[in-house]
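Asks: Starting from the known structure of chain D, arrange chain V on it as the hints suggest.
There are 2 protein chains.
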Amino acid sequence: MKKVAIYGYGNLGKGVELAVNETPDMEVFGVFSRRAPETVKTYGATVYKVDDILKYKDEIDVVIICGGSAKDLPTMTPQLAQHFNVVDSFDTHKNISEHFEKVEKAAKKSKHTALISAGWDPGMFSLNRVFATAILPDSRDYTFWGKGVSQGHSDAVRKIEGVVDARQYTVPIDEAIKRVRANEMPEFTTREKHKRVCYVVAERGADKQRIKDEIISMPGYFADYDTTVYFISANEMKNKHNKLPHGGFVITTGKTGQNKEHNHIVEYSLKLDSNPEFTASVLVAYARAVIRNAERKNFGCKTVLDIAPGDLSPLSPEELRERYV
Amino acid sequence: MKKVAIYGYGNLGKGVELAVNETPDMEVFGVFSRRAPETVKTYGATVYKVDDILKYKDEIDVVIICGGSAKDLPTMTPQLAQHFNVVDSFDTHKNISEHFEKVEKAAKKSKHTALISAGWDPGMFSLNRVFATAILPDSRDYTFWGKGVSQGHSDAVRKIEGVVDARQYTVPIDEAIKRVRANEMPEFTTREKHKRVCYVVAERGADKQRIKDEIISMPGYFADYDTTVYFISANEMKNKHNKLPHGGFVITTGKTGQNKEHNHIVEYSLKLDSNPEFTASVLVAYARAVIRNAERKNFGCKTVLDIAPGDLSPLSPEELRERYV
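Note that the protein sequences, when read in sequence, are chains D and V. When we follow this note's numbering, the leftmost residue of the first sequence carries the number 24, and every step to the right adds one. When we follow this note's numbering, the leftmost residue of the second sequence carries the number 24, and every step to the right adds one.
For reference, chain D alone in the conformation it holds in the complex:
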């Protein structure tokens, strides 16, 4: 049984604990938390202080780093890669190359294997964009997200004065998806692909019109979208918006034939009741692949594009060929 350390224990870390428990070949070594261990309630895993992790260097096969992309991962992943095989879910697209270089340097030097940006986007969606466009050079790929909860957008709304709680749903626009599936290869504005819907619990006596105006005009988050704001009670928030569903579509349309007369539509879609639990399940499958690559001395930083798909499965190559090819 390979031993997995979980570094950080929010929704993603919890999902990783559950996902590792479902595997036949890996077990949780422990959870490493910045909080006092006695205050962290797990599904059964032992809790350690983050500062103690180096003591267990020889007992841990891989560390799954469950921190945030903004503040945690840019330092945590390169640091931990100096001592461990690691997996993260770094998702700040514009900084992926920079993050890759830092992790590559650390992992190559320490002779470990690191995999960054696992999950579903980046992750499974990245894979599908690469597969489809490599197969169909004369193609266009489209990514739609949702319907699902965006935690970043929900947090942005919560910071507005007078907001007690908020939940933001990203919703793909059906008409846009239909046009892509109809092989029109359209150009879209941001507004034409997705809309945003916010559920907000306001403080008693707060100016709802001001809150609404601040939301829909927020640059980078809402200004480029058609956004609807609903004010609801704390009770309704708790009962109707307590889950973290998400999903989306990668649709690639391409043409082949002497006169480009044949259209092809490749579509990958996810419909997830729990975004953190599915993301965690992807991280755990890639943790298995990381351990295997480290055993083959294939060190350094990787993304999902560098990993042979068979390495994700607990089954042997022979079993996989028999059962799935």
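Worth flagging that the hints you see were computed from the coordinates, not collected in a lab.
In the SDA-like style, the derived pairs of lysine to any residue whose C-alpha atoms are separated by at most 20 Å in a straight line are: (1) Lys283/D to Asn265/V; (2) Lys278/V to Asp296/D; (3) Lys125/D to Pro340/V; (4) Lys294/V to Ala205/D; (5) Lys294/D to Ala199/V; (6) Lys64/D to Gly280/V; (7) Lys117/V to Arg346/D; (8) Lys320/V to Glu318/D; (9) Lys278/V to Glu45/D; (10) Lys117/V to Glu345/D; (11) Lys216/D to Val194/D; (12) Lys283/D to Asn44/V; (13) Lys294/D to Arg202/V.
Computed list of chain V residues with no C-beta within reach of chain D, every gap over 12 Å: (14) Thr62; (15) Lys78; (16) Val194; (17) Gly228; (18) Glu318.
Every residue gets a Cβ at the ideal spot worked out from N, C-alpha and C, and that includes glycine.
Replies: For chain V alone, coordinates are given in the frame of chain D:
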């Protein structure tokens, strides 16, 4: 420019020629045919006799073998792997392990890289079955084919006495797909998943009832399905059934959560106007990966499960990370 030889020139070989012409990094070395070269009309590629291929051993980077799985590939692929890097689309599921072993032996010995069973099923569908079930251990995967033309089933009908021409469409049953998407994790009989529809041109005066009875009772092909037979004119066959569309769905439904309370649906679908041209496009992307793996001295027999996805693309790892991760 890497040089690709096309071995066999039916619908698949033609698709390979068109697909290689669309790539920025590969070109067609030539077509090798069993027919007299002067009788083979290509889109521009030079035609050679199959028996002459060894003369061009040093000029060819990879051979894409476009033969049939029943009679051609079981001997062609191991033979050619003694001298070349090769790609095939072997699709007789029950013999994949045996085929793999023969090709592995030849390629390892000659220090070449071979990839078998590329295409969309086996191929892209195999990948999606492995990805989804590796991520979601508590899951079930379902494959539906169609609506599309099955060449094997069309050929089987053509062999019946009194049949001039035939085209068979495999059609997935909507109700079954709905039940899978609804997360019921159903068990299906063969009849519940797909139906078959045949268009037949009969000889003048042929006994249509007998032909129909022979079709719908044919073991291994039609007996386990609800099959509909339509008799049409040669003209209608030519005008309405002259294309080779196909496609299908791989749908995996799985559960996560402490009490398995979260459902996830992963769906990959293809809608292809030309089955041979899309299959050919997959073979060409894997030919690129085969060349790269041979350059890294990663010799022997591979399937799509053994190839890092980034190897399929003409873009560099840096470009891929920037553009698609």
